[in-house]
Amino acid sequence: MTPDKHPLEHWVHRTLTSGVVVSGVLLILGLVLTLVRGEPRPVGPPPGLRAILRGVLNGEGMALLYLGLLVLIVTPVLRVAVLAIGWLVLGPRWLAGVALVVLGLLVVGIVLGVG
Amino acid sequence: VYLTPALVPVVLLVGAGTGVLGALLGTGGGVLLVPFLVLALGVPMHYAIATSIVSVIATSSAVASSNVERGTANMRLGMTLEVATALGALTGAFTAGLVSPRTLEGLFAAVLLPVALLMWIGRASDGADDTPTPAPTDPGLLGGRYVDETDGYEVVYRVKRVPAGLGISFLAGNLSGLLGIGGGIFKVPALALLCGVPIRAAAATSNFMIGVTAAASAFLYHGRGEIRPALTATAVLGVLIGSVLGARLNRRVKAGALKRLFAVLLLAVAVQMFYRVASGVAR
Numbered sequence: 001m002t003p004d005k006h007p008l009e010h011w012v013h014r015t016l017t018s019g020v021v022v023s024g025v026l027l028i029l030g031l032v033l034t035l036v037r038g039e040p041r042p043v044g045p046p047p048g049l050r051a052i053l054r055g056v057l058n059g060e061g062m063a064l065l066y067l068g069l070l071v072l073i074v075t076p077v078l079r080v081a082v083l084a085i086g087w088l089v090l091g092p093r094w095l096a097g098v099a100l101v102v103l104g105l106l107v108v109g110i111v112l113g114v115g
Numbered sequence: 116v117y118l119t120p121a122l123v124p125v126v127l128l129v130g131a132g133t134g135v136l137g138a139l140l141g142t143g144g145g146v147l148l149v150p151f152l153v154l155a156l157g158v159p160m161h162y163a164i165a166t167s168i169v170s171v172i173a174t175s176s177a178v179a180s181s182n183v184e185r186g187t188a189n190m191r192l193g194m195t196l197e198v199a200t201a202l203g204a205l206t207g208a209f210t211a212g213l214v215s216p217r218t219l220e221g222l223f224a225a226v227l228l229p230v231a232l233l234m235w236i237g238r239a240s241d242g243a244d245d246t247p248t249p250a251p252t253d254p255g256l257l258g259g260r261y262v263d264e265t266d267g268y269e270v271v272y273r274v275k276r277v278p279a280g281l282g283i284s285f286l287a288g289n290l291s292g293l294l295g296i297g298g299g300i301f302k303v304p305a306l307a308l309l310c311g312v313p314i315r316a317a318a319a320t321s322n323f324m325i326g327v328t329a330a331a332s333a334f335l336y337h338g339r340g341e342i343r344p345a346l347t348a349t350a351v352l353g354v355l356i357g358s359v360l361g362a363r364l365n366r367r368v369k370a371g372a373l374k375r376l377f378a379v380l381l382l383a384v385a386v387q388m389f390y391r392v393a394s395g396v397a398r
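Chains A and B are the protein sequences, given in the same order. Residue numbers for the first sequence follow the working numbering, so the first one is 1 and each next one is one higher. Residue numbers for the second sequence follow the working numbering, so the first one is 116 and each next one is one higher.
The hints are simulated quantities; they were obtained by calculation from the structure and are not laboratory data. A couple of the hints might just be wrong.
Derived coverage of chain A by chain B (criterion: at least 3 residues anywhere in the stretch with Cβ under 8 Å from a Cβ of chain B; other residues may be distant) [claimed, not checked]:
1) 23-36
2) 53-60
3) 78-88
A virtual CB, placed ideally from N, CA and C, is assigned to each residue, including glycine.
Sequences and hints are given; from them, build the entire structure.
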């Protein structure tokens, strides 16, 4: 597949692969740190993004796990965004509209879940 | 539920097993992962479903990436049907938050029955002709074209009965959000038989879609604290390893007998889950 001939496929491929690789690395690191240090299991509602990032900076395994899982969950959302932009620029425009509807539904999920 | 270091290799192995089976049988591993977590490890049903949903995202993203590259995943059709699957997943995940684990187990067992049946008879659709007759030269708005790897010919197809495809996609998304399964087992035959999509493209497009479907519901499970980080991370890593292995094995293994064995296994799992629901073990 050449990027010039199939730019959208290329970007979707790159988005999905990057998401899986980044989250995979974070999950392995987080899992190793959590198990080696015997970090306590989390209780109560999940931490917010700011708390997760603070935990990552402090080298907490559990925070790395949460970040890895969030990166994985957000990867398909980014793929929809990439296609929305791609179709908006390259056409057909009506498909960009469809992608924006899907993106809207995913945002509803985010708001209902963690909003 | 506490993932002890001793359980890590077990969950990793089971994740890998479901990943391999998913790649070989063309079904998401959720139908096996959820019952294993619940029946063998005693993980609460909602946590098991959440774990499966995140694993589905991992498999879809990893596998769809190469299917998009090959051109078998139809992104235009996939995105259109994702409107229905995402809506279905949101309502499914919302409903799951309202019902008891016992109800979910009963529903899961009930859904396993048609899954087992489709797996048993699935060989008929495997042999379906990839070339629609008469072969169109223009794929239309939602159709597609790809080069068949086995014979090197270009396959061109149009999509029929889009409203029916949207209806099935909503139901598949709903099951995914409610029970943590990918839903491809229902979507792929429907896309092939109802909408005229060649089976290879139907499977690749379904796989492309389930990541977005599962992501729509995953946020709700995350918000309810049902995604247990260490358990889910271990299962996800196992499933990813298994998917890679399975994709390599896929070209060498004949899936026919394996599918029938898997169908029997699913039936046995369904019976055990029904028993737990009836006897009150599941609450």
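Requested in this report: Report holds or violated for chain B covering the region 23-36 of chain A, Cβ cut-off 8 Å, minimum 3 residues.
Outcome: holds (count 8)
Query raised in the report: Are three or more residues of the region 78-88 of chain A within 8 Å, CB to CB, of chain B?
Result: Our answer is that it holds, as 3 residues pass the Cβ test (under 8 Å) against chain B, meeting three.
Query raised in the report: Three or more residues of the region 53-60 of chain A near chain B by CB distance under 8 Å?
Result: violated (count 0)
Violated hint for the displayed structure: number 2, the only one.
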